[in-house]
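Chemist: Next come the chains, spelled out residue by residue.
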Amino acid sequence: MAKAFLSGNEAFAYGVRLARPQVISAYPITPQTIVVEKLSEFIEDGSLKAEFIHVESEHSALSCAIGASSVGARAFTATSSQGLLYMAECLPYAAGGRFPIVMMNANRSTALPWNIYGDQRDSLSQLDSGWIQAYAENAQEALDLALMSFYIAEHKNVSTPYMANLDGFVLTHTYEVVDVPTAEQADAFLPKYATENKLDLQNPRNLAFSAGPDSNTIFKYKEHVGILNAKSVIQEAEDRFETIFGRRYSGLTESYRTEDADYIIITLGSIAGLVREVVDALRLEGRRVGLLRLRYLRPFPNEEIANAVKNAKAVAVLEKDISFGNEGTVYTNVNSAMQKAGINIPNSNYIGGLGGKNISSEEIKGIFDELKSQKSAVRFLGIGGEANGG
Amino acid sequence: MTEILWHGRGGQGAFTAARLLGDAYSLKDNAYALAFPSFGPERRGAPIRAFTKLDQKPIGNRSEITKSNYSIFLDDTLFNAKSFRELKQNGKILLNTKKKFDDPRVITLDGDSIAARILGLPITNTILLGAFAAISNEISLEEIYEAIRQTMPRRLHEKNIAAVKAAYEEVVA
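Each protein sequence line maps, in turn, to chains X and P. My numbering numbers the first residue of the first sequence as 1 and each following residue consecutively. My numbering numbers the first residue of the second sequence as 391 and each following residue consecutively.
Next comes chain P alone, as it looks inside the complex (with noise of 0.2 Å):
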């Protein structure tokens, strides 16, 4: 099973990229996800968390992530050096931030700017996902494209999946 630990802030978006994940990946044959945020009362720029578990077979564990195979920031005020306690053996950090890491665990993309040049909005959800196709063979670009078009409203379908695509470029690149 492949664990990934979404970390936003209430409104960035978090949760609806772990769903996208999951969406995404479970459009393959004989492939289960699951997808969750962390629950309770939501609020506006508080911390959040969201889940996501890609399998090939059934999931039944449905408690929360407590080591991931990825952990993904949305927002770098929530990285810390506590964050890697979360991180199974070999496991990745993707992080939003327009600051350098040196460490081989941890890779930045500084989804901000494209997102200001894509989207026009400061949201690097579906742009987080995109990098997410990059560094790992969970999920192509075109299954991420049919989870845009099938959950979110059309009017965001066509910058969404821009920004998907410049974002998976600059990470390859």
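One chain only, chain X, in its complex shape (with noise of 0.2 Å):
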């Protein structure tokens, strides 16, 4: 391993590079561009030997993925907000067919009005596409997430294809210091990708095909419990991952000091590195704080988080997102998992970041002395003012 000082665009393309993808296809937007141009160096240069597709679009790049994964090539791609939102076509066209593509999105707000800078508005919007979901924090975990999402991805009872964000700028844009594995630790990490969901000339099969009522359920019924299987799948790389690369990943969720916490706030992303000093600054001072970070929005961490909030008095997720007219997606989501545990407990949502718009410690601080008052409302950081409507 060697440490380098990079930004979590580049650290991904590293964690790519390792991977060993057959196909790249890919179109500019930022701020996910660098991870494509820094790919196409390492092509350039002979340390990735891989096929660079050029194309003129985002669904051409999905498309084209698609294509080279129908003949059983590793492929990756990688966009971000509008860019995400033309493929969209695209997406349950990957998931459906079963092809295990991985793409990095840079967290991107979408327009109108028009804004370049961070928010998880993009991939939030595609939740219901069949594609697993993964949200990194730093540069560490984008370049492990790159190298495990294509053992999760390919793995023969999840054959689901595999989302890795990146908060645009504070992460893809941000320099750090991050452990590069050898490439003799990746190849002994990611086997390569067999399968025999692929035209094969010697074994003639039908991909891709019609489904009509009779079978339609069925093949989505099938869908979804393969992305329900990337679970285990997740645990199976993350413990191959610790073996080999010494680094230990928690799953689909991330505690931190939840165990004995009145007040929890549960977000995603780049932003729980903040969270987390707010924690540690707080419990200095004697308060029952905790952060619960969701590490992967499909699979939904359902069990993970009643587990983790049971014992709390209320809770907060805090994310870079709204669904118009109802509240955080996101949010929808934990209250969901939490009834279903028959945990009824207050929690609020918060809503922040959007358009890049800075997170404070101090509006973090602020989030743990509302929840005291142990009432659920709908906010919008920065602006005052309950979003519930009426």
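Note that these hints are calculated values from the structure, not bench results. In this text, all values refer to a predicted model and were calculated from it rather than measured experimentally. Ideal placement from N, C-alpha and C gives every residue a C-beta, glycine not left out. Take these hints with a grain of salt, some might be off.
Unchecked claim - Quick look at which bits of chain P chain X covers, simulated, 3 or more residues with Cβ under 8 Å:
hint : stretch
1    : 407-416
2    : 446-458
3    : 550-560
These two chains come separately, so use the hints to put the complex back together.
Modeler: Shown next, in the form of structure tokens:
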């Protein structure tokens, strides 16, 4: 392993190189561009042997990846924001075809108003597309997810495409210390992609077919089971990862000082780093607070959330998203997990960081302060006022 | 945590200096750094800010620095009385200028002359990094050299290392 000082985008590109994809199809969009630029440099300098396909749009980028995956190739693409929305038609094609493509998405706001900065409304709007969705906190996790994503997506019990999300700019463009594994270690971790779900002259079969009302449900059920199977495969991948690389990840969620916490903030992505610092500061004052970071949104960590919050007095979901006319989508999902587990405690939703707005440690401390009132509410950070309508 | 706020104009290499500093610092064991520019469209000549955070533990706060331990100006036209509001108590300003300031918080260096002499270009980012090594205990010259060797194109190594050394010696003197 070698220590390097890399941005989140670069770290992800190093992880992809270690995974040796055979086809990379890409179209640039800020703040993702550096990932595919870096990969094209790796191909140019001979350190990655892959077919790099320049395409004319994001729709074509994912279509190319689907084509590559359909002949059994390991395929990668990357996008962001409007680019993700432009390829939205192809997302369920990849998932329904059970093509284990890996895509990095640089989380960025969606228009209008036009904005190039980070929030999570792009990927969260695609939660139902059938893709696994992971959210990295830092550049090290980004690199490690790049490597683990192929293992998880391509596992025969999963066969589901994987979207690894990095917060735009605050993660994609921030440089930090990253441990870059060796190619030998990566090869020991990640087997070559082998599948029967491919077009093969020796073994002809029909792929990407129609399924009418009689058979459609069973296909959708199997797709659902595949993504649910990812739960145990993520565990398996992380155990294997720890053995080879010595770094431990904690599955669908990461609990931080939640065991005896009265008040817990549930969040995702890079803002978790700041929440952790605020938790430590408040703990020094004797306040029982904790952090639950959602590492995966699909498969959704229902049991993990219930376990982490079952002794809390109130929780808040902090997310860079709003489902207009309702509330934050992560909040809706978390509430469902709690309700199914019979946990009926006050819970609030804080919508922050939209269009790249900074979330400060004072605001996070303010959320913990407001949780003490134990009233449920939906609030937009930084502009005051509740957002419950009515 | 030590927080360094870099000021420059697009094209002067302020972010490159911020990144080199983070890289140099993190060569040590148990040393962590974040480096990032002010995000957004980039324009040559426009004022830009860049940020380096240094600590002995992982850094969770990715927000822009609002109060710095050191504010470093590659261009003295960006420096004014308001610059002191962004300093922590006992914070220092490192300024590339030919002018003299009678203020114990301000350390000046004629980086442009060093750049003209050694680099033959009006680029002072690595020069200010050498000066920073002289006024702080955060990094050594050897760590800066190593960061330059790791991240800059080979043809730039020798001149930039010489410029860092010259700036360091001038500030120490």
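Chemist: Against this structure, judge whether each hint is valid.
Modeler: Hints, one by one, checked against the model:
Note: the stretch 407-416 of chain P has 4 residues with beta-carbon separation from chain X under 8 Å; the three-residue rule is met and the coverage holds. Look at the stretch 446-458 of chain P against chain X: 7 of its residues bring a Cβ nearer than 8 Å to a Cβ of that chain, three or more, so the hint holds. Here the stretch 550-560 of chain P counts 0 residues with a CB under 8 Å from a CB of chain X, which misses the bar of 3, and the coverage is violated.
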